[in-house]
Amino acid sequence: MEGHSHGFGLASPSWRANLDVVVTVLIARLKVISRYKGSLVMEMFLPVVFAAMPILLGVAVGGANAGQYFQANTGTSNFKLYMLIGACTFSVVSIMLWLVGYWIRREQETGTLESIYLAPARQVYVLTGVTIYSLLRALLAFLVSLVIGSIVFGVNLLEGNVLGAIGILMLGLLPLWGLSMLFGAFIMRVKEANSVINVMTWVVSFLMGVFFPIAMFPPLLQWVAAIFPPTIMNDAMRASMLNLSTFFGSWYISLAVMFAAALTVPLVGYGVFTFTGRSVRRKEGVGQY
Amino acid sequence: MHTFLDMSWKTILEYSRYPVAFIAMFAQIFLIVFMFIFATMAFRAPGEGLSNQSTFAGVMIYGTVTNLLLSFTLWDVGFSIREEQVRGTLESLYLSPARKFANLVSRVFVVLLWTGVMCVFAVLVVAAVVGGLPFDNALLATVVLGFSISGFLGIGFIFAGLTIKLKESAQLLVNGVQFFFMIFSAQFFPFAALRSISPAIVDYVSAWLPVSYCVDAFRSLLVGLPAGYPELAPLSVEIPIVVVFGIVSPIVGYLIYKRAERSARRQGNLGEY
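So the sequence lines, in the order shown, correspond to chains A and B.
Count along the first sequence starting at 1, add 93, and that's the number in the working numbering.
Count along the second sequence starting at 1, add 214, and that's the number in the working numbering.
One should not assume that every hint holds.
[Unchecked claim] Below, a list of computed lysine-lysine pairs in the DSSO-like style, where the Cα atoms sit at most 27 Å apart: (1) A:Lys130 to B:Lys224; (2) B:Lys379 to A:Lys130; (3) B:Lys224 to B:Lys472; (4) A:Lys124 to B:Lys381.
I should point out that these hints are in silico values taken from the structure, not numbers from a laboratory.
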């Protein structure tokens, strides 16, 4: 491995070696998932199923006036596209959060997390490989499910500003990376991941306002939801594609909040993750299942 | 009986080591209920809450009860076998002289108990939001629910067998089946919503699923059989279907499970991860 001397003759990996770590982890994850093609297919259909439920619920509640009532509450009568965007955005968020946390749990269960920590590779690069893998899966699921959903529900994706929505999605991925590491730290500490993932999935979808505008929340809960980065991302994407106003009333404020989140959340997430890893290693060790 | 009690106690002990899991399940139900409530409110005229919507709310939440029971049965009976495979204890468990049936059923006993508590909690939350829910024909609805759970157990046994064969891929199947029933058995909304999309969905898909009749009969009874309910068929037809499903499904499911298990033991891959 290329390196250079760094005090007391200790070598530090070069940028090429670190990149190699990222690529190796990414390729390993891709090879594993290639053995489970069904999971990928399911990820592409789940958002459509997820969106179908409130659509059918809405049709049952509102009847012939469903679109009209929905417009009065949200600003758009296109409730099918509204739900579809929410569900697809949520799938990106849950994949990013779930995959990192689940990766840590699976490494704990198979007894390889300790070996990873003992390897001469910095955790940030291993994590980067895992999160890039999560990102690729999330983006693939997002795009394909959006297309499938538009066919199933008969909505026109190109009505709104699709490029703007994609730009918002890319900006929103940075805070998601930070949140995924926060989540990973939590899983490392709590260990039993499935129940936490299940409830966090619903907490996130609730706070994001996947099926409804967060303006329907009580005032305090509105602001709690509004500072949650995936909520802002979802709100901005819907505003872009459906020509709605954002929760903050101004695109500048929404983008400013998103940029602030993109700068701070990854740093906080990584900090918490490394602190937790160090703490767990000092106490029971990362190998404890 | 000893096997059933011992394994149930083992399951209770296991769960008690993860208190976060209990709290998480409660929180999950609470959030699901509120998500659907807020989603419903988005389709109401502004200013109109959910009061005077007790029948609709009842249809939604009583259907959710069947969804919770089916989901937990699928995962905690069907896919729990996977946990034993991952830990490497499945082979040892099967080599022991314990009855396999008790082993399977004990997995769900504790979870059904806990799920029952959560269902009651969910119903109370919705009742508080909409100002009361109908609760008629409770005894007959309980009988229907009992046979429905028995039927769901049979589906769970089938998935336990599939899990032995398919291993990790079974998770995908369980997910798919769960969502399939969510939509086509109309667990969160009336069948009228599916009919408004296309009557063929109800006539050619929903009407052929025993789970649909379990959902329809259970919630129609509890909301007091208003006009249009039950939606699929008269009660005199739906109840026999549910009873037959409740009797036949666990028998068929267990036979399929036994076959899968025997095949895996013959091939020597029961313990394969």
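Hints, one by one, checked against the model:
For the hint pairing Lys130 (chain A) with Lys224 (chain B), the CA-to-CA distance comes to about 35 Å; that exceeds 27 Å, so the pair is violated. For the hint pairing Lys379 (chain B) with Lys130 (chain A), the CA-to-CA distance comes to about 17 Å; that is within 27 Å, so the pair holds. The hinted pair formed by Lys224 (chain B) and Lys472 (chain B) meets the criterion: a straight-line CA distance of about 23 Å does not exceed 27 Å. For the suggested pair Lys124 (chain A) and Lys381 (chain B), the alpha carbons sit about 18 Å apart, so the restraint of at most 27 Å is met.
Taken one by one, the earlier hints fail for this structure only at number 1.
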